[in-house]
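Residue numbers (numbering that gives the first Met the number 0), protein chains in the order written: chain U, 0 to 116; chain R, 0 to 351.
Since the hints were made in silico from the structure, they are not lab data.
For glycine and all other residues, C-beta sits at the position ideal for the given N, C-alpha and C.
Incorrect hints may have been included.
As the list claims (entries may be wrong) - The calculated lysine to aspartate or glutamate pairs, modelled on EDC-like cross-linking and capped at a C-alpha distance of 16 Å, are:
#	chain 1	residue 1	chain 2	residue 2
1	R	K325	R	E312
2	U	K116	U	D27
3	R	K325	R	D289
4	R	K18	U	D31
5	U	K83	R	D331
6	U	K76	R	E93
7	U	K83	U	D48
8	R	K336	R	D289
9	U	K14	U	D27
10	U	K83	R	D66
11	R	K257	R	D246
12	R	K99	R	E30
13	U	K76	U	E46
14	R	K18	U	D27
15	R	K18	U	E77
16	R	K302	R	D331
17	R	K119	R	D133
18	U	K93	U	E77
19	R	K18	U	E114
20	U	K14	U	D95
21	U	K116	U	E38
22	U	K14	R	E30
23	R	K335	R	D289
24	U	K83	R	E93
25	R	K119	R	D246
As the list claims (entries may be wrong) - Residues of chain R placed beyond 10 Å of chain U at every Cβ, according to the derived structure:
#	residue
26	D16
27	N20
28	D133
29	S179
30	D200
31	L247
32	I304
33	L327
34	K335
35	L346
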Amino acid sequence: MADNAVDRNTLEALKSTTDGDFVSELIDTFLDDAPTLLETMASALAENDSERFRRAAHSLKSNAATLGALSLSESSKELEMMGKSGDISAASPKLDALGKAYAKVVSALEEYQDELK
Amino acid sequence: MNSNSRMGPGRLLVVDDNKVNRLLLARGLQEQGHAITFAENGVQALETMRREPFDLVLLDIMMPELDGYQVLQELTSDTDLRDIPVIVVSAMDEIDSVVKCIEMGAEDYLSKPLNPVLLKARISACLEKKWLRDQQRELIRKFATSEVADELLASGFSLGGKYVEATAMFSDIRSFTTISESQSPEDTIELLNTYYTLMFDAITGHDGIVNQIVGDGLMAIFGAPAPNPDHAECAVKAALEMVELVDLFNHEQAGQNKIQLQIGVGVATGQVIAGYTGTQNRATYTCVGDAVNVAARLEAHTKAIGHPILIDENTYALINSALTGKDLGPVDIKGKKEKVRVFAVPLNHSSG
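Turn these sequences into a full structure, and let the hints steer you where they fit.
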């Protein structure tokens, strides 16, 4: 399950160009920021603020890709595109799915952090 | 910045609202020894850039407050900031935005997720270019006054010309060939360097610019490219100071039993065509026109007359009463059908 959520090759490549401590720090930062981004998306959706929605989805897409959470990144990208189009009325179910996908990524990344110790 | 520091670390500004990206960039850049400053949005970036100098900016496109495009727009319209190179950092799927940024003046781009090898190569290349440009600028400043440098830099080296009312000056050293034959090449170059330092001081001190140096002679312009209503007066004052400085220099030289110099200066005023001549790669600010020819001829004529400063009638008409000129009457000038009325400017001090 965890292996599907996060691509190990991406993390290993990142580790090889930096080091384990740095990757762990990066994961911490991601785990700190991502809930805020998800909340921003939810509140932007409630306010029908497509630009704010788009920016938060964009950041989540980018950070997820950096840490190998490829499917989370893909889903974020879909939502980013919705934000870009200006119509986020149909985003609600996708945002729910994104939240669930994120939960899986959290446990996969925490597992990887344990391995790094 | 001198050439020794070309490969040294740079001062980099990383502009990104995303902390993960900032960490990633900082990691790669600090390893290369660069000093990093962060800004979290466009507004912060501009504030920071107006406060401290940077060699390079890494710019995210999508940001709150002011996005990357708006930052680029602000930078290109700000003469103090527009030459700082910007590398746009953007996701792979935003290639259209990258194109837009490059069109808006960004130097290069990096795609996310970042590749450390590419990051290093692009940043080094960018810094190298920036330092070369800084050196070029430094050269322009050395050979021109700040007005010319400012106009050159502001106009982006446009080579167009325009008519201006200006005063041209030519100056050279009497019997320089004999002087250079009588001493070592090292002494000759040292002598020339001292001489040029003095002449530049006198000319730029009176708002003129030196636009040509050939051997022991130089040409200067007053009243262009920056307009100066007192161009004639400034040129004559500069000429007087040049002769005075050479005089002082001669006293020093005499004390060391070294060669003394005599100079001749010709000054003429009129409408000239001023502009940058040359090619896009090598351009010099110059003036052409009747006044320029007359100034050159008057300089040559100082030998025949035995007086170091000669000016034409137009110049004489514009100088104020504190400065005078002795009317030498009409003189035949090579290349001119009519005779030119010439005035000799009396020296402030007794001079050779």
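Now the hints, each set against the structure:
1. At most 16 Å may separate the alpha-carbon atoms for a hinted pair to count; K325 (chain R) and E312 (chain R) meet this at roughly 11 Å.
2. This hinted pair checks out: K116 (chain U) and D27 (chain U) have alpha carbons roughly 14 Å apart, not beyond 16 Å.
3. With a C-alpha separation of about 22 Å, the suggested pairing of K325 (chain R) with D289 (chain R) is violated against the 16 Å cut-off.
4. Restraint check for K18 (chain R) and D31 (chain U): satisfied, since their Cα atoms lie roughly 10 Å apart, inside the 16 Å limit.
5. Proximity of K83 (chain U) to D331 (chain R) is assessed by CA-CA distance (about 78 Å); at most 16 Å being required, the pair is judged violated.
6. Only pairs whose Cα atoms come within 16 Å are accepted, and K76 (chain U) paired with E93 (chain R) is accepted, the gap being roughly 11 Å.
7. Restraint check: the Cα-Cα separation between K83 (chain U) and D48 (chain U) comes to about 11 Å, which is no more than 16 Å; the hinted pair holds.
8. As the CA atoms of K336 (chain R) and D289 (chain R) are separated by approximately 12 Å, the hinted pair is consistent with the 16 Å bound.
9. With a C-alpha separation of about 15 Å, the suggested pairing of K14 (chain U) with D27 (chain U) holds against the 16 Å cut-off.
10. Annotation: proposed proximity of K83 (chain U) to D66 (chain R) holds, straight-line Cα distance about 15 Å (limit 16 Å).
11. Of the supplied pair hints, the one linking K257 (chain R) and D246 (chain R) holds, its CA atoms being roughly 13 Å apart against a limit of 16 Å.
12. For the hint pairing K99 (chain R) with E30 (chain R), the CA-to-CA distance comes to about 30 Å; that exceeds 16 Å, so the pair is violated.
13. Restraint check for K76 (chain U) and E46 (chain U): the C-alpha separation of about 20 Å exceeds 16 Å, so the hint is violated.
14. Taken as a hint, the K18 (chain R) and D27 (chain U) pair is honoured in the structure, with Cα atoms around 11 Å apart against an allowance of 16 Å.
15. Taking the CA atoms of K18 (chain R) and E77 (chain U), the gap is near 22 Å; set against the 16 Å cutoff, the hint is violated.
16. A distance of roughly 14 Å separates the Cα atoms of K302 (chain R) and D331 (chain R); the hinted pair therefore holds under the 16 Å criterion.
17. Straight-line distance between C-alpha atoms of K119 (chain R) and D133 (chain R) comes to about 21 Å, which puts the hinted pair past the 16 Å bound.
18. At roughly 9 Å between alpha-carbon atoms, K93 (chain U) and E77 (chain U) fall within 16 Å of each other, so this suggested pair holds.
19. A distance of roughly 24 Å separates the Cα atoms of K18 (chain R) and E114 (chain U); the hinted pair therefore is violated under the 16 Å criterion.
20. Between the alpha carbons of K14 (chain U) and D95 (chain U) the distance comes to roughly 31 Å, so the proposed pair goes past 16 Å and is violated.
21. Between K116 (chain U) and E38 (chain U) the alpha-carbon distance is near 30 Å, which puts this suggested pair outside the 16 Å criterion.
22. Only pairs whose Cα atoms come within 16 Å are accepted, and K14 (chain U) paired with E30 (chain R) is accepted, the gap being roughly 15 Å.
23. Between K335 (chain R) and D289 (chain R), the direct Cα distance comes to roughly 9 Å. Compliance with the 16 Å bound is thereby established for this hinted pair.
24. Proximity of K83 (chain U) to E93 (chain R) is assessed by CA-CA distance (about 12 Å); at most 16 Å being required, the pair is judged to hold.
25. Between K119 (chain R) and D246 (chain R) the CA atoms are separated by roughly 56 Å; this puts the pair beyond 16 Å, and the hint is violated.
26. Look at D16 (chain R): its CB is around 7 Å from the nearest CB on chain U, not clear of 10 Å, so calling it non-interface is violated.
27. Not every beta carbon of chain U lies more than 10 Å from that of N20 (chain R), the smallest distance being close to 7 Å; the non-interface claim is violated.
28. Every Cβ of chain U is farther than 10 Å from the Cβ of D133 (chain R); the closest lies at roughly 31 Å, confirming the non-interface assignment.
29. Non-interface call for S179 (chain R) relative to chain U: holds, since the shortest CB-CB distance, roughly 61 Å, exceeds 10 Å.
30. Under the 10 Å C-beta cut-off, the non-interface status given to D200 (chain R) relative to chain U holds; the minimum distance is some 55 Å.
31. Listed as a non-interface residue, L247 (chain R) keeps its Cβ farther than 10 Å from every Cβ of chain U; the least gap is roughly 64 Å.
32. No Cβ of chain U comes within 10 Å of the Cβ of I304 (chain R); the nearest lies about 77 Å off, and the non-interface call holds.
33. Every Cβ of chain U is farther than 10 Å from the Cβ of L327 (chain R); the closest lies at roughly 78 Å, confirming the non-interface assignment.
34. Interface exclusion of K335 (chain R) from chain U stands, the closest Cβ pair being 71 Å apart, more than 10 Å.
35. Annotated as non-interface, L346 (chain R) keeps its C-beta farther than 10 Å from every C-beta of chain U; the closest such distance is 73 Å.
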